[in-house]
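**Q** Protein chains in written order, with the working numbering: chain U, 1 to 395; chain S, 1001 to 1372; chain V, 2001 to 2154.
FYI, nobody ran anything at the bench for these hints, they're computed from the structure. Computed from a predicted structure; not experimentally measured. Treat each hint with caution, since some may be false.
Computed footprint of chain S on chain V, listed as stretches where at least three residues anywhere in the stretch have a Cβ under 8 Å from a Cβ of chain S [said to hold, decoys possible]:
#1 2022 to 2030
#2 2040 to 2050
#3 2139 to 2149
Straight-line Cα separation of at most 35 Å, DSBU-like style, residue types lysine-lysine; simulated pairs [said to hold, decoys possible]:
#4 LYS273/U to LYS2044/V
#5 LYS1110/S to LYS2044/V
#6 LYS2133/V to LYS2044/V
In this text, a Cβ means the ideal position worked out from N, Cα and C, and glycines have one as well.
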Amino acid sequence: MNGTGVVIAGAGVTRHGFFPSRDWKDLVVESAYAALHDAGVSPGEVSGGFVSVSLPETFEQQNLGAIAADELGLAPAAFSQVGAACAGGTVALMNGVAAIASGAVRAVLVIGVEKQSDAASTADSMLHFPDAEYEAPAGFDYVDLMALMHDRYVRKYGATHEAIAQWVVQDRWYARRNPIAIDYGRAALTVAEVLDSPMVSRPITRAACGRACDGASAVVLMRAGGAPADCEPVEIAGIAQATGPNVLAAKFGHPASAGADIAEAVPTEVAAKKAYAQAGIEPHHIGLAQVHDCFSVMGPLHMEGLGIFPPGKAAAAAADGETALDGRCPTNTDGGRIGLGHPTGATGVSIAVESALQLRGRCGDRQVPDPDIAVCQSMGGSNATSAVAVLRRPR
Amino acid sequence: MSGTMKSATKSAAKGATNGIGNSRAAVGVSGIGVALPAGRLAVSEIHEVWGTVPPQVLRRRGVTHRSVCDPDADAVTLAAEATRTALRAAEGPAPGAVFFGSQTCPYLTKAGAALLADMAGLPRSVFAADVQFSGKSGTAALLCALAWVGAGFADAALAVGTDTLGPHVAPGDPQEYTAGSGAVAVVVTRDAALATVDATGSATSDTNDGFRTDGERHIRTGGAVMTATDVGLIEHCTTAWERLGAMPGPPRFLAGPQPDAVTPVRLAKRLGLPAECAAPCVVAQGIGDVGAAAPLLGLARALELAAPGDRIAVLGYGCGAGSDALLLTVRAPATDTGLSEALTARRTVSYAAACRQERHFQGLDRLVGSYE
Amino acid sequence: MWSPTEPVYRIATPTPAKAWRSRDGRYRLVGNRCEDCVLPFFPKRRVCPQCHSRSLTETVLAPYGRVVSAAEDRTPLIGHVGRDSRPFAIVALEDGPCVLTELVDVDTGTDAGGEGGPTTVTEGTEVELVVRKWRREASGPYQYGYKFRPRRAR
């Protein structure tokens, strides 16, 4: 198999940040119409869509597919809401690919949106994702779960806290060059600043946390060859999703983990192999990656899951510059979850938007030189699910 | 409840008429476990903040620190911890009855005993009841368990004395200097592997020396006229003691109520007993008054120190007011009560931290962002 | 003027039944074991992920284990504050499964001095179960559950 036969015809994204005066509907409309405009597709041509959101509770609203379709003026198009925690955007993309590939629809809008600033506390709003019986009520939010992963990764592989902190420094480097990033234009960070920032959950410091924020992203999907002649389509060469246990402790000794525990991104590895097979690529072909670094340690974990670096080696490789703009595989060129911001439901779409813009060569002073194949990955829960998409420059 | 324990067997009945020296009594203690929170607050720090009790009075009471309830602990969790230790030590049948003795159960409507039974993994068929009689809830629960097993209602019963006085005494109240927290669980069986209970006695009257009405958070005292005279503790304990009947000589140990570190010795003297029988059972010096658990803590200490054949008297007192007395004969010293570990595993807590832990500050009840 | 009888609106609050259902796991580590491939699980599973058997038998796991990975929560959620530090860990139970758990009484010792001292827990530290309050449920009751502390019992 080679490719999905589906292209991203257009992409749109809003500024990431805290916007108390903007509703989720404002963000959806801005990103979706930017994507339609980019594709050169008229609204009437869209006959389906998927809306990814992870915290509809903060909207005090569900059934967002129908509501978004009507807000966009697209009713009666077939829209539905997709949820897969922070991987929802990529899973929505996968649904969109399937819808196009089935031939049932000609153009699909895939939208991700989040209004984290409407939640009283990010840790609290995200508390529906850790296990509801044994983790959340015991007082463990995401940063706590990831702190254990960080600790385990360091213990198991001998990675250094300094190398992991370097990931944050790199995110800031890209983010200050990305006009939509929450950290756009901010000063460069140092490893010492990352390590010395207030401790949130030892060993994770505040600077090493993804920046939950508001934002929306959208892409228009069409059949390859069916997109408007004057748009710049980017091929979705492969896309796949995999799951694992959501209960953190259950990852130890789980039959599907094959000896791995919380220091490995098992679902990412499984999804990546499927997506690479569909795209007909090997990890060494990848020249650009977007990975789910909701906390600094998760960046290296997923780079290893994607097979770009061997187990336990990614933090050191990134610290050595292999993921920098002039490195072997520039990574999180939009600033990542820490520098761009992390509107959780939108993230899985925004990484596809960034990949598409990079493959088209539209990223200004953070543009990767001549990328050919980009991989983007998002994680939902504490490695409970992971989705991987392989994007290819039009040939 | 008063009088001697009735033996279930005819052969033991003769010895049970006065109870003394009968090593074949039908019922007694087969396991005992202790739980204390690790936090310790220096009495001198409370004095620095409030100064409501003169330093020489504090010194006289002999308590240097009080235990501080953890923010995630209450009378139920302390009871569960003590029960785990007691059941681990005790052999024999699972308890068929649970008596939860406390004046500070976290629930006013809902049985602490039922929570405890579930936490201890006891079968659904268990009988459970809360026993609420201020500082003597623990001995009252123990008497209930002894009666239950003695009557043949179950082969084994669990009695717990547990209290968290720190959260339930107002800052600045003279009681705050000694308001500790802790729990003791006692497994009662016919085998009575540790000690038999040979005689019991009680005394009760309506005495307003301490109380807490429905909906009130803090326990109040009846003032010096009630607490500093003999109408409460001394008179009730004396009456209960006398119900134990004549003894051939003083018991080796007297485990008394421990509102402070000197009352047990003072009580022993009033009962005509040597100070040496009370002093070894006093543990209040470093933990303060642990309410319903206090006399049972003394029992745990006595059971650890005792030799087979030794007699131990237990005297509980609760304001409101009443006293229970028990006379035990030791069959085997107790090991693994958890008492010494609970006394040594400690952490110094400042007055401000104690107020935070015991929720004397109006806490933030809203969510605040904990990471961006 | 605000009055305590004026309700504060709260969406989607579960009844006490929801947490009540899982109390045996929280109080006593009741897990289960696959009857076919004998793998032990905590929390209880409905299907064995290894052999897909749906025949699983409840089993109470021993309340002892060893620390595998440890961290310390410096920004506890509301309802979990009050301690000087809030260490937590993955604990590998003696009976096989691992649990995520808060650690208590780790900063104690015979002469433990100041508050919030460095935790002494490291990989391999033996721990035992204690039941503590987890939080107060949105619907009112206290929710109790396991925490672990350095092992005392032998």
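**Q** Where does the structure disagree with the numbered hints, that is, which hint numbers, in rising order?
**A** 2
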